[in-house]
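S.K.: One letter stands for each residue in the lines below.
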Amino acid sequence: GLPAGPVNPSSRSVPVLRLSSDGAAIETALSRQQLAAELTCPLRDLRMADPTFPGQFPSVLARRGSIIFSVGEVKAVILSNEVLLFPTKPDVLSIVPAVQEKIRLGIRAVPFEQTVMECCLKHVCKDLLESARNVEPRLRTVLDSFKTSKNSLIKSLHRLLPLKNELDELKETLVTVCKCMNEVLMNDEDMALMYLTDNECKSTARDLHQHQEIEMLFENYLLQVELLASDVIELQNEVRNTEEIVEIELDVLRNNILRFELLLSISGFTVALGALVTGVFGMNLLSGWEEKPQTFWQVTGGIYGCIMLSIAGTVVLCRRLSLL
Amino acid sequence: GLPAGPVNPSSRSVPVLRLSSDGAAIETALSRQQLAAELTCPLRDLRMADPTFPGQFPSVLARRGSIIFSVGEVKAVILSNEVLLFPTKPDVLSIVPAVQEKIRLGIRAVPFEQTVMECCLKHVCKDLLESARNVEPRLRTVLDSFKTSKNSLIKSLHRLLPLKNELDELKETLVTVCKCMNEVLMNDEDMALMYLTDNECKSTARDLHQHQEIEMLFENYLLQVELLASDVIELQNEVRNTEEIVEIELDVLRNNILRFELLLSISGFTVALGALVTGVFGMNLLSGWEEKPQTFWQVTGGIYGCIMLSIAGTVVLCRRLSLL
Amino acid sequence: GLPAGPVNPSSRSVPVLRLSSDGAAIETALSRQQLAAELTCPLRDLRMADPTFPGQFPSVLARRGSIIFSVGEVKAVILSNEVLLFPTKPDVLSIVPAVQEKIRLGIRAVPFEQTVMECCLKHVCKDLLESARNVEPRLRTVLDSFKTSKNSLIKSLHRLLPLKNELDELKETLVTVCKCMNEVLMNDEDMALMYLTDNECKSTARDLHQHQEIEMLFENYLLQVELLASDVIELQNEVRNTEEIVEIELDVLRNNILRFELLLSISGFTVALGALVTGVFGMNLLSGWEEKPQTFWQVTGGIYGCIMLSIAGTVVLCRRLSLL
Amino acid sequence: GLPAGPVNPSSRSVPVLRLSSDGAAIETALSRQQLAAELTCPLRDLRMADPTFPGQFPSVLARRGSIIFSVGEVKAVILSNEVLLFPTKPDVLSIVPAVQEKIRLGIRAVPFEQTVMECCLKHVCKDLLESARNVEPRLRTVLDSFKTSKNSLIKSLHRLLPLKNELDELKETLVTVCKCMNEVLMNDEDMALMYLTDNECKSTARDLHQHQEIEMLFENYLLQVELLASDVIELQNEVRNTEEIVEIELDVLRNNILRFELLLSISGFTVALGALVTGVFGMNLLSGWEEKPQTFWQVTGGIYGCIMLSIAGTVVLCRRLSLL
Amino acid sequence: GLPAGPVNPSSRSVPVLRLSSDGAAIETALSRQQLAAELTCPLRDLRMADPTFPGQFPSVLARRGSIIFSVGEVKAVILSNEVLLFPTKPDVLSIVPAVQEKIRLGIRAVPFEQTVMECCLKHVCKDLLESARNVEPRLRTVLDSFKTSKNSLIKSLHRLLPLKNELDELKETLVTVCKCMNEVLMNDEDMALMYLTDNECKSTARDLHQHQEIEMLFENYLLQVELLASDVIELQNEVRNTEEIVEIELDVLRNNILRFELLLSISGFTVALGALVTGVFGMNLLSGWEEKPQTFWQVTGGIYGCIMLSIAGTVVLCRRLSLL
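Protein chains in written order, with this note's numbering: chain A, 1 to 324; chain B, 1 to 324; chain C, 1 to 324; chain D, 1 to 324; chain E, 1 to 324.
If you're looking for bench data, these hints aren't it; they were derived computationally from the structure. Take the hints with a grain of salt, since some may be wrong.
[What the hints assert, rightly or not] Computed cross-link-like contacts, SDA-like style, restricted to lysine to any residue with a CA-CA straight-line distance of at most 25 Å: (1) D:Lys171 - E:Leu153; (2) B:Lys122 - B:Val175; (3) A:Lys126 - B:Cys125; (4) C:Lys179 - B:Pro51.
[Unchecked claim] If the Cβ cut is set under 10 Å, some of the chain C residues that face chain D in the computed set are: (5) Glu291; (6) Pro293; (7) Thr295.
[Claimed, not checked] Residues on chain D that point at chain C, a partial pick, calculated with CB under 8 Å: (8) Ala192; (9) Thr242; (10) Glu243.
Idealized CB from N, CA, C, for every residue including glycine.
Chain A with its partners taken away, still in its complex shape (with noise of 0.2 Å):
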């Protein structure tokens, strides 16, 4: 392999988990380069699975006697007879007592790293379902809000903005593991090296079709993990769905009360035009009328009677051009 100069120059130790293929469990604290030393492996590969580098891409990288297993909250590296854990969440300890079980009560066919793989396989769909069904009930809270009431609009979409971004993130962690389980499946020779107990028993080097075992193991999960992406695509559409029709919504709702207001503008304008009329009689100056005992009558009368007619003239003007 490349050897490597101290890419991080401080040989700080971490904190790991070895769980032997007899099932005892030592936590200790390795440096790097003791590791590195140890599996002969180069430091690059290993910082897959470090945990004190942040924001690493899931990865399972197959290496001449170990297999780095670095998917969501699992980083470990996993020997023929022992696996090192890097416990980077308190929970990701529980993939040691269900390796225990399985060793246990297993009839010992299958050989350690594929119990190990299972393991933490499955906590890693185990930790992503979880995530699923945490964002999924608070998502449909605020997608009802939107359908009935119409008032908490504003607070639904501050409470739907951070979910919208979790959907996204979680949508984008599922492909991420999705492509790297792909990408196990897609390399024969990989997957033939990661029989690590039968390729040190063997010197002849391994077909590269036998891994039928190892296949199984990634397809059954990767089938579980596409089904959870498919489920968050199916949650990202209903909100794309729902904010396409509330936009909708509220652009008729617009419309309508435009239209409610247009009638108002159209009878308070005549209504201003009445009271220009009256406002004309009040000027106190001489029209020569302010003794005939009927004008009052007549002008109030014509005064209403114009009203009326010129809404009615405009609101029909106003329907022909679909405006109302």
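Dock chains B, C, D and E against chain A, hints included.
M.R.: Relative to chain A, chains B, C, D and E alone:
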């Protein structure tokens, strides 16, 4: 294969319908452990066909001596002389008489497992077609309602949202079924494994490229599902197009309303100016014109003239600014 | 092949036009059972070419001794010495004289099945080209109407919707035809099977890579269909671009209208303030100023002055808030 | 090859520029029949390079003894000792001196057909680069006008529409040219066929993998076209981003206008209420307060006080409803 | 290889930093002709690494005896015993001490060309990471400003536009770098060619599949770039989500403003009606009620009562029409 520990501790039995290759059907119940032992196939694979696990991705898995068929509602384990059908829904059982009819008619040149797979695929296609036929007329009604009446727009939108979600789900289902069939078609090894009857008789391994019947079978139903998917995409395009046009229509309508409102505002403003003049002359203050007999008519005429002139002027200005 | 039970119990016969390799054409009618027996090919495959089945995906299937050609309206079963053409539409029959002309002219070095396939492909391309030529001028008219007159926008939108749907359908058709041709081109085995005349004469199996003529034939027509598809996509882009620009234009226009309306509102408000002052002095209450001769002019001047000042002030304020 | 009937009955001749490998160029005219006979290549293939056929998809076809090169404006049939160039546009002829210069300088180790192809590819790249350089500055001007002045927005939009269409067309062209080059690069057989000079000399078939010079040639120009395509996509992204931001800006501006309008409406309403009070006291009816000397000031003060109070109250209310 | 004429007539020399495998570095200047002669590699290939050509697509070309590395700012020609580094930017030179340090430390088991490539790839990753880290905090500030204050929305939008363009560019760069690395990883032949030291020593051709070290090297840095690309896509999604939510929020706010405005319009209209009545009684015409003492209070009460009633009625109507 991989032995598996008690993934799901409860060893509750699920109802199964066993249909043997001579047409005899027995309803029974099996636990998953029994099934796995009988089929010598890992529990993990059986989970695919287990109706008690919710939300399964469509998959057709070829294993040594058995085919695990799980697409949509149809979940079955096909052997060379028997099929185990899980009755997820009552209408899935309609596969049984279809197979029995084929057996009765058949010249028995077609192996049992192919007969069963064809009936299963046909049932899946029928199911998907029904879902599509169920959505389409309702969607057409809603889309037509957009074109005709503008009054019930909000109601139409409320009915459109669940339909859009249904369409997205249906498309997702169709796409995953296509993907699952394509995966079978691209895997020579799996298709060769599916000749259960042949593989049982012959001792030598089957040539990987002798799978024309299975290939034609899947190819054919794949074409049907793809056609359906393309129809659903066309429906989605129509929805999208209608929404886009409706949105622009609402915008145009709004601008027309606002223009008319602007016309009213202009007229209203000039009327208000006239009213101000009448108000001025209505004040109980001495203007010195109180007793001049012609002033009333001059002022009134002036007011009306100015109103007409300023309305005309402002409309001309707005035309030049292309607001009207 | 797979024997098939009565998929569709009705054994009604469909009209067929048989054109033999010497140019003789006979109109006849065949039931599907007869056809399947004659061609020794499963009913399932025939369904592809059956015009009574609605909505078929384009497909060119190579079977032993026959080619099942079903693209768009052209549905035919091609044999080494005969072609069975299903007259789905009258203009499909124009393939017959084209083939006859080719036979008359031909130096007969080209096998019959290739002559027929070329005529079929040419007809398909002509059909697709006509559909595209039918949509384009109507679409250009509508798009131009968007640019010129703003009055008939709603009408243009009503005419745009069906055109957009037509474009989407046309594109989908073109894409599926391309996909179908590509599938032929990527399948060496199928192309080798399509040399019906050659395969009949020779006893030994054809080499899988000897298919240059068929490859060039499909390659050529594929280029034409792809060109058409790219033209349709360009049209769709133009529609999209026009819509986007029209939407922003409507928004800009609306803001301009609202700004002018704001100007009117400001002026209207100050006039209303003035009217309030005149109203105050019009009250039949004693202000004590009733008899002072200059007050009328002072108050009137004050009102007009304040109106002018406050209009100017508010406009300056709005400019600073960048509302005007 | 496939003999072809008279696809296009008119056997009109097209102008051709023949440039032989010793640098001599002759302008002549050939009918397509003559050309096909000379090249022993089907008419169908020649159509690709025929400038009288409008709208051709870019394609580089390798035939036995000739290369049919048709990308953009450059349409040519390349032989081992001659190239037939179709002068679709005057500037295409600039390829001739470029080839002649190369021949003059050349150590003749490079076969003639590669010299010609390099000149053709270079011309195509130059053409595409010029198209891109033509659009970019005009687009930048329009995009900048969006950022600076808000008054000429409608004009900018009118200028943006044709530019967007041009960009889409350019991108489509670039993508199809890339696709065409990629198809050459992925087809070992075609690249081997393109060694016209070598293939003529040697009797044995060329090894399919000996095509490094042709591969490097196309790889190189492919990189240039991809770079251009990526630049065009970046421009489109900028347009999209600007449009999105402008749309939200217009929305924000509209809300600001409406808020100010709301402020005016509130004030206007309270003034109208005050005017109503003055109107009431202006009625020619007896209130009994006509002669009380202080009432005038009390009512006037009351009106102004109420106006101030209710404006303040409504503004506070709107703030609480977050409307202002 | 292909000899090339003077593509670019000016044979000006470019500054080059030569670093030999023993760690000695010399700054010098070379013309492209000299370089091509020295490397026996076509000028066309050198253009990839030529810093005077603007806008290069990232590419790593394996040639016989040399690797042309041109990704981002890092442009170099790597030989088995020397590297020619083009100092496009000052910080590119930081590769030199990194390589020297590696040489000093190295057990020399790693060939020189791999050491150099690792340093180059590390520098590229560092550069890209810095670009991403540069954009992110500024973007977060802008996105947060959207959530908190609504007043500076226009300013935030002005700051968002260049950031969106930067993100698009960065994503495009990351995608093209990934593509370039993937192309190396998918080309066994190129990776085998990159063992410059090995290939020089051995006379026999290297087996195409012996390239694990190079593969692991590129795989590793590809993962890092992909992770960065996925982070950038996440940022873009956040921007998109925020924009969508802000747009709907603005719509909701606008509707709320319009509703309140509608309420004001309704009230205003009824007040105008009341004012009309007062106007009527304010006319200097005889109604005959002038002297009746109670009329004033009856009319005033009637006006206020009607106003209240009609406001209530219209609000109820609007509620029923779901406008309020």
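S.K.: All hints are to be evaluated individually against the structure, with a verdict given for each.
M.R.: Status of each hint after checking the structure:
{"no.": "1", "hint": "D:Lys171 - E:Leu153", "result": "violated, 34 Å"}
{"no.": "2", "hint": "B:Lys122 - B:Val175", "result": "holds, 17 Å"}
{"no.": "3", "hint": "A:Lys126 - B:Cys125", "result": "violated, 32 Å"}
{"no.": "4", "hint": "C:Lys179 - B:Pro51", "result": "violated, 36 Å"}
{"no.": "5", "hint": "Glu291", "result": "violated, 14 Å"}
{"no.": "6", "hint": "Pro293", "result": "violated, 19 Å"}
{"no.": "7", "hint": "Thr295", "result": "violated, 13 Å"}
{"no.": "8", "hint": "Ala192", "result": "violated, 13 Å"}
{"no.": "9", "hint": "Thr242", "result": "violated, 10 Å"}
{"no.": "10", "hint": "Glu243", "result": "holds, 6 Å"}
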